[in-house]
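Visitor: Sequence:
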Amino acid sequence: MAKQRHLNNAPIREAIIDFRVKLPSEFRVSEFLSLKEQIGDRFPKFKERRLFKGEFKIAPGRPVSTTTEGQGLHGYFFITDDEKKIAQFRIDGFTFSRLKPYTYWEEIFNEAKDLWTLYVEAANPQSVARIAVRYINQLDIPFPITDFSTFLTAPPNIPDSLSCVISGFLTKITTCFPELDIMANVIQALEKSKEANHISLILDIDVYKSQDFSPDSQDMWSFFEQFHELKNRIFFQSITEETARLFE
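Just so you know, we're using the numbering used here here: the sequence shown kicks off at 1 and counts up by one.
Hints are computed from structural coordinates only; laboratory data are not their basis.
Among these hints, one or two may not hold up.
Claimed, not checked - Taking lysine-lysine and the DSSO-like style, the derived pairs with C-alpha atoms no more than 30 Å apart in a straight line are:
#: 1; residue 1: Lys-172; residue 2: Lys-36
#: 2; residue 1: Lys-209; residue 2: Lys-84
#: 3; residue 1: Lys-172; residue 2: Lys-45
#: 4; residue 1: Lys-100; residue 2: Lys-3
#: 5; residue 1: Lys-100; residue 2: Lys-36
#: 6; residue 1: Lys-47; residue 2: Lys-192
#: 7; residue 1: Lys-85; residue 2: Lys-47
#: 8; residue 1: Lys-194; residue 2: Lys-45
#: 9; residue 1: Lys-45; residue 2: Lys-85
#: 10; residue 1: Lys-36; residue 2: Lys-3
#: 11; residue 1: Lys-113; residue 2: Lys-22
#: 12; residue 1: Lys-47; residue 2: Lys-209
#: 13; residue 1: Lys-172; residue 2: Lys-192
#: 14; residue 1: Lys-85; residue 2: Lys-22
#: 15; residue 1: Lys-47; residue 2: Lys-194
#: 16; residue 1: Lys-36; residue 2: Lys-113
#: 17; residue 1: Lys-85; residue 2: Lys-36
#: 18; residue 1: Lys-3; residue 2: Lys-172
#: 19; residue 1: Lys-100; residue 2: Lys-113
#: 20; residue 1: Lys-192; residue 2: Lys-3
#: 21; residue 1: Lys-209; residue 2: Lys-22
#: 22; residue 1: Lys-172; residue 2: Lys-100
#: 23; residue 1: Lys-209; residue 2: Lys-194
#: 24; residue 1: Lys-209; residue 2: Lys-85
#: 25; residue 1: Lys-84; residue 2: Lys-22
#: 26; residue 1: Lys-194; residue 2: Lys-113
#: 27; residue 1: Lys-85; residue 2: Lys-192
#: 28; residue 1: Lys-85; residue 2: Lys-172
#: 29; residue 1: Lys-45; residue 2: Lys-100
#: 30; residue 1: Lys-84; residue 2: Lys-45
#: 31; residue 1: Lys-45; residue 2: Lys-113
#: 32; residue 1: Lys-209; residue 2: Lys-172
#: 33; residue 1: Lys-84; residue 2: Lys-113
#: 34; residue 1: Lys-172; residue 2: Lys-22
#: 35; residue 1: Lys-192; residue 2: Lys-84
#: 36; residue 1: Lys-209; residue 2: Lys-113
#: 37; residue 1: Lys-3; residue 2: Lys-22
With the hints as extra help, turn the sequences into a complete structure.
Guide: This is the structure:
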């Protein structure tokens with residue numbers, strides 16, 4: 001594993017702070033439109049978020065049939081001019097995302113807190129059911145690569161008796177940290193890189209807690225700090241020193 005430290009070129013593709021909520025039955029998603037006046041200067045781009053449900057049926061001797069049904073308006077995206085920040089105001093919760101280049105945790109966390117206050121004022125949620133911090137890291141690794149253990153501490157493995165080359169992989173592990181009563185999903189995957197002569201290793205870390213919180217609970221904010229600290233531990237314990245040096 002790598003020594004935990006600040007990386008000047010951290011490979012963070014997207015940093016996410018997420019709240020899942022229960023809203024009053026009488027709430028209407030159109031009430032979020034009033035936020036345009038409050039945050040339209042910071043988030044001038046605006047998109048609707050709609051849900052769709054797809055089904056497919058398989059019957060002997062018949063071709064597969066598919067249907068798609070619209071589920072209606074689910075919320076709105078508020079986006080900055082440079083499209084680096086996205087605030088989602090939805091009927092099931094609020095999400096704030098920062099796309100690369102990453103800045104720093106305190107800035108993202110404080111902006112998410114401010115926007116959450118606006119969400120609460122607009123939607124008056126009855127409770128918060130889940131909170132999370134998710135960081136999607138894209139590790140662009142130069143060729144040649146002969147062994148993924150050079151870069152990952154828990155690389156994909158295949159039997160030694162098989163003479164083959166790994167051309168793709170996807171793993172997901174869900175872990176529980178009893179001392180913190182916190183869960184984490186850790187996904188590792190291989191993707192094509194946009195950089196020539198590189199491949200992209202994805203390290204997706206989602207740290208979360210499912211518990212009923214009051215929307216104005218101060219405990220939530222201390223949990224977010226714990227999520228961030230745990231996310232860092234998982235990241236550096238998942239990569240090698242050689243990998244960390246690529247992003248200093």
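Visitor: Compare the structure with each hint and give your call.
Guide: Consistency of the hints with the structure:
Among the hinted pairs, Lys-172 with Lys-36 is inconsistent with the structure: their alpha-carbon atoms are about 38 Å apart, more than 30 Å. Restraint check for Lys-209 and Lys-84: the C-alpha separation of about 26 Å stays at or below 30 Å, so the hint holds. This hinted pair does not check out: Lys-172 and Lys-45 have alpha carbons roughly 34 Å apart, beyond 30 Å. A threshold of 30 Å between alpha carbons decides the hint, and for Lys-100 with Lys-3 the separation of about 23 Å falls inside it, so the pair holds.
Between Lys-100 and Lys-36 the alpha-carbon distance is near 25 Å, which keeps this suggested pair within the 30 Å criterion. For the hint linking Lys-47 to Lys-192, the alpha-carbon distance of about 29 Å falls within 30 Å, and the restraint holds. With a C-alpha separation of about 13 Å, the suggested pair Lys-85 and Lys-47 falls inside the 30 Å cut-off, and the hint holds. The suggested pairing of Lys-194 with Lys-45 holds, with an alpha-carbon distance near 27 Å, which does not exceed 30 Å.
Distance check on the hinted pair: Lys-45 and Lys-85 sit about 10 Å apart at the alpha-carbon level, within 30 Å; holds. Distance hint between Lys-36 and Lys-3 is unfulfilled; the C-alpha atoms sit about 44 Å from each other, more than 30 Å. Taken as a hint, the Lys-113 and Lys-22 pair is honoured in the structure, with Cα atoms around 18 Å apart against an allowance of 30 Å. At most 30 Å may separate the alpha-carbon atoms for a hinted pair to count; Lys-47 and Lys-209 meet this at roughly 29 Å.
Distance hint between Lys-172 and Lys-192 is fulfilled; the C-alpha atoms sit about 19 Å from each other, no more than 30 Å. Restraint check: the Cα-Cα separation between Lys-85 and Lys-22 comes to about 25 Å, which is no more than 30 Å; the hinted pair holds. Taken as a hint, the Lys-47 and Lys-194 pair is honoured in the structure, with Cα atoms around 27 Å apart against an allowance of 30 Å. Restraint check: the Cα-Cα separation between Lys-36 and Lys-113 comes to about 18 Å, which is no more than 30 Å; the hinted pair holds.
Note on Lys-85 and Lys-36: the hinted pairing holds, with a Cα-Cα distance of about 15 Å set against a maximum of 30 Å. Between Lys-3 and Lys-172 the CA atoms are separated by roughly 23 Å; this keeps the pair inside 30 Å, and the hint holds. About 20 Å separates the Cα atoms of Lys-100 and Lys-113, which keeps this hinted pair within 30 Å; it holds. A hinted pair counts as satisfied when its Cα atoms are at most 30 Å apart, and Lys-192 with Lys-3 qualifies at roughly 27 Å.
For the suggested pair Lys-209 and Lys-22, the alpha carbons sit about 15 Å apart, so the restraint of at most 30 Å is met. Taking the CA atoms of Lys-172 and Lys-100, the gap is near 23 Å; set against the 30 Å cutoff, the hint holds. Taking the CA atoms of Lys-209 and Lys-194, the gap is near 34 Å; set against the 30 Å cutoff, the hint is violated. For a cut-off of 30 Å, the pair hint linking Lys-209 to Lys-85 stands: about 24 Å separates their Cα positions.
Simply put, Lys-84 and Lys-22 have alpha-carbon atoms about 28 Å apart, close enough for the 30 Å limit, and the pair holds. Proposed proximity of Lys-194 and Lys-113 is contradicted: the alpha carbons are some 34 Å apart, above 30 Å. At roughly 25 Å between alpha-carbon atoms, Lys-85 and Lys-192 fall within 30 Å of each other, so this suggested pair holds. In summary, the hint linking Lys-85 to Lys-172 is supported, as the alpha carbons are separated by about 27 Å, within the 30 Å threshold.
Restraint check: the Cα-Cα separation between Lys-45 and Lys-100 comes to about 18 Å, which is no more than 30 Å; the hinted pair holds. At roughly 11 Å between alpha-carbon atoms, Lys-84 and Lys-45 fall within 30 Å of each other, so this suggested pair holds. For the given pair, Lys-45 sits about 20 Å from Lys-113 by alpha-carbon distance, which is consistent with the 30 Å threshold. With a CA separation close to 18 Å, the supplied pair Lys-209 and Lys-172 stays within the 30 Å bound.
Distance hint between Lys-84 and Lys-113 is fulfilled; the C-alpha atoms sit about 18 Å from each other, no more than 30 Å. Annotation: proposed proximity of Lys-172 to Lys-22 holds, straight-line Cα distance about 28 Å (limit 30 Å). A hinted pair counts as satisfied when its Cα atoms are at most 30 Å apart, and Lys-192 with Lys-84 qualifies at roughly 22 Å. Between Lys-209 and Lys-113, the direct Cα distance comes to roughly 17 Å. Compliance with the 30 Å bound is thereby established for this hinted pair.
For a cut-off of 30 Å, the pair hint linking Lys-3 to Lys-22 is broken: about 40 Å separates their Cα positions.
Figure legend: structure checked against the earlier numbered hints; hints not met, in rising order: 1, 3, 10, 23, 26, 37.
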